[in-house]
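Now for the letters of each chain:
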Amino acid sequence: MLRADVSPSRALRKNKAQTGDLVQLLTPDGVRREDPVYDPVVADVDDEQLTGLYEDMVVVRRFDTEAVALQRQGQLGLWPPLLGQEAAQIGSARALRDDDFVFTSYRENGVAYCRGAQPADLMRVWRGTALAGWDPRSIGMATPQVMIGSQTLHATGYALGCVKDGVDSAVVAYFGDGATSKGDVHEAMVFAASFQAPVVFFCQNNQWAISEPVGLQAQRPIADRAPGLGIPSIRVDGNDVLAVMAATRVALDRARRGDGPTFIEAVTYRMGPHTTSDDPTRYVDPADKELWAAKDPIARLEKFLTIPDDRVADITSKADAFATAMREACYALPDPEPLSVFDHVLVEPTPDLIRQRSQYAAYLEMFEGGEG
Amino acid sequence: MGTMTMAAALNDGLRHALDDDPSVVLLGEDIGQLGGVFRVTDGLQRDFGADRVMDTPLAEAGIMGVAVGLAYRGYRPVVEIQFDGFVYPAVDQLVTQVARIHYRTGGAVTMPITVRIPYGGGIGAVEHHSESPEAYFAHTPGLRVVTCANPQDAHTMIRQAIACDDPVVFFEPKRRYWVKGEVSDELVGALALDRARVVVEGTDVTLAAYGPLVVTARDAALAALDDGLSVEVVDLRSLSPLDLDTLEVSVRKTGRLVVTHEAQRSGGLGAEIAASIVDRCFDVLKAAPVRVTGFDTPYPAAKSEDHFLPDLDRLLDAVDRVMGRAHSLTGWRAS
Chain A
1 MLRADVSPSR ALRKNKAQTG DLVQLLTPDG VRREDPVYDP VVADVDDEQL
51 TGLYEDMVVV RRFDTEAVAL QRQGQLGLWP PLLGQEAAQI GSARALRDDD
101 FVFTSYRENG VAYCRGAQPA DLMRVWRGTA LAGWDPRSIG MATPQVMIGS
151 QTLHATGYAL GCVKDGVDSA VVAYFGDGAT SKGDVHEAMV FAASFQAPVV
201 FFCQNNQWAI SEPVGLQAQR PIADRAPGLG IPSIRVDGND VLAVMAATRV
251 ALDRARRGDG PTFIEAVTYR MGPHTTSDDP TRYVDPADKE LWAAKDPIAR
301 LEKFLTIPDD RVADITSKAD AFATAMREAC YALPDPEPLS VFDHVLVEPT
351 PDLIRQRSQY AAYLEMFEGG EG
Chain B
1 MGTMTMAAAL NDGLRHALDD DPSVVLLGED IGQLGGVFRV TDGLQRDFGA
51 DRVMDTPLAE AGIMGVAVGL AYRGYRPVVE IQFDGFVYPA VDQLVTQVAR
101 IHYRTGGAVT MPITVRIPYG GGIGAVEHHS ESPEAYFAHT PGLRVVTCAN
151 PQDAHTMIRQ AIACDDPVVF FEPKRRYWVK GEVSDELVGA LALDRARVVV
201 EGTDVTLAAY GPLVVTARDA ALAALDDGLS VEVVDLRSLS PLDLDTLEVS
251 VRKTGRLVVT HEAQRSGGLG AEIAASIVDR CFDVLKAAPV RVTGFDTPYP
301 AAKSEDHFLP DLDRLLDAVD RVMGRAHSLT GWRAS
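Just so you know, the protein sequences line up as chains A and B, in that order. For the first sequence, this note's numbering assigns the number 1 to the initial residue and increments by one for each residue that follows. For the second sequence, this note's numbering assigns the number 1 to the initial residue and increments by one for each residue that follows.
So that you can see chain A by itself, here it is in the shape it has in the complex:
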């Protein structure tokens, strides 16, 4: 079940990063596949729970779409859409406990939703009123990381702290395929393996690092990077919410048992642009995108589940309500006070910063006086 060893035949395989066996429990056509290894892990997930995951994905897609619209309307400076990656984010985040902690990149707004981020929390950073949307400790999720891959080390360090504290909390580091080229991600895996840290390296391979295809980052399946460092890995269909949950549960269970880190490659596809500033028509083959549209994570659950109409209506209205609340929260966010730019550089401001603040205040007052 885990790709702990690398066989010679695999080493000789030529077909680059796209190949490899995927854990898949629900086919794109909505057919439940039996899997003797992973079925028991999600045996408790009944139709009601699956409908809950479906609801999460619908809500997340709805507010993600709303955020793109807000950016297009000039209300947000930027937004990184997660369209197409709902199952990877919901399936993994819903496997977590409250006392677990996650360190993510900027695209994991679906994870943030699961952790309990409120509508306004999702807006602050992208509207530019703050550098963080929430207090990390209040929802067990660090401020999403803008630097690529840096957070994997933070996750590893946090996980070492959990061990020192004698608790069985686990940590998930979320990052993309591009990040796996970074030294920090490699070093994080080395540290995690050396100290058997209870951390899950959750890579959403969405096939793109802005315009660069995953083949530019890796000549082998991304999941094959970890075993060389002594970390077993799982390659899972990232558009299959049930399979993602199963894989994440296996990894979290290993972490809690003291068996150390696990690497998960969730194979998915970024259906939208890198961010609202990007123009994927310059590099995405429309035919390729069509192929992935047929593997849509929400559509496959609709095919598999029979959800009563009134429940569908409830879910739609809940999604709309969240999106509306987010839009209203966005409009309501106050601009920061001018002098707040000086706050929180250090716990106690330095004399020189107090001086700069006071000089700038005097400068501002000059204008106010002049206009009055």
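Worth flagging that the hints you see were computed from the coordinates, not collected in a lab. As the structure is a prediction and not an experimental result, all values here were calculated from the model. Among the hints, erroneous ones may be present.
Said to hold, decoys possible - Result set (EDC-like, lysine to aspartate or glutamate): computed pairs, CA atoms no more than 20 angstroms apart in a straight line:
no. : chain 1 : residue 1 : chain 2 : residue 2
1   : A       : LYS318    : A       : GLU48
2   : B       : LYS303    : B       : GLU127
3   : B       : LYS286    : B       : ASP317
4   : A       : LYS164    : B       : ASP51
5   : A       : LYS164    : B       : ASP47
6   : A       : LYS164    : A       : ASP99
7   : A       : LYS164    : B       : ASP19
8   : A       : LYS164    : B       : ASP55
9   : A       : LYS164    : A       : ASP253
10  : B       : LYS180    : B       : ASP219
11  : B       : LYS253    : B       : ASP283
12  : A       : LYS303    : A       : GLU290
13  : A       : LYS164    : B       : ASP21
14  : A       : LYS164    : B       : ASP20
15  : A       : LYS182    : B       : ASP92
Given chain A, work out where chain B should sit, using these hints.
Frame of chain A; chain B shown alone:
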């Protein structure tokens, strides 16, 4: 506690910090069984365990990033960077993460990380083992940058740095590791971490120095007495923030400033100090401030470092210059 070397004082200061606070964790390369390449952590792993004094993989970015995660979890990591020139892989984590997480989170998450870096030249080392990168960090908001110049300050300041809730880059002047001095473990009444100290009083010239050059500056002040000059030496101790108030009081008394560091001149701390003092003391200055620094070259090979490093004679030459006496540049023309 008696007389000890700076290395021993740092070791004992770390021991106190580990004793005082269970959240203190040391991370670094070779700091465990070996006790660090300079033996500053000697015996600490034996006495506090490998959980609290951790030998890490050989990856500075990794050490720094893992320290961030530990701080997130409530720990107080003390990172050792083995040599000054090895810090660069960790600069990304230090500048984009350690320095900013408190600001980024609006004060919700503190980063009480201490980064110990043996720095400076004068030990005849190979490349990347003699650098003075302090200006990079002093230029970075969100970091405190300090350096000790004697065993007592080493002992006190390392404990203050670790207890500080802000990230502190703690530069240790490696060529002074073996200088001995009296050390007391009394913290009450100790000078605050961000304050400079007048170590020699004088009336003609203020000589601002820090770290390895404080000893040199004191020697220069002593030598200047023979020429009838009274030099006041200020040990800056804190490089970010600078204790400009203490420096201003001194310059208002003397009217003249010489500032010295081993680090290269351009964009260095000497420029910041000179500009700040001109800003504050323009009305009393009797001469333009003079900088005595390393040259704007990479750190040279060991047999050339005596030319690169400011020494007693270069300091005295600068003192003559600000005094308007004959000096090395009298009558000098660019050729």
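Hints, one by one, checked against the model:
no.: 1; hint: LYS318/A - GLU48/A; result: holds, 17 angstroms
no.: 2; hint: LYS303/B - GLU127/B; result: holds, 12 angstroms
no.: 3; hint: LYS286/B - ASP317/B; result: holds, 17 angstroms
no.: 4; hint: LYS164/A - ASP51/B; result: holds, 7 angstroms
no.: 5; hint: LYS164/A - ASP47/B; result: holds, 17 angstroms
no.: 6; hint: LYS164/A - ASP99/A; result: holds, 15 angstroms
no.: 7; hint: LYS164/A - ASP19/B; result: holds, 17 angstroms
no.: 8; hint: LYS164/A - ASP55/B; result: holds, 15 angstroms
no.: 9; hint: LYS164/A - ASP253/A; result: holds, 18 angstroms
no.: 10; hint: LYS180/B - ASP219/B; result: holds, 16 angstroms
no.: 11; hint: LYS253/B - ASP283/B; result: holds, 12 angstroms
no.: 12; hint: LYS303/A - GLU290/A; result: holds, 18 angstroms
no.: 13; hint: LYS164/A - ASP21/B; result: holds, 14 angstroms
no.: 14; hint: LYS164/A - ASP20/B; result: holds, 17 angstroms
no.: 15; hint: LYS182/A - ASP92/B; result: holds, 12 angstroms
This entry satisfies every hint, going by the numbered hints stated previously.
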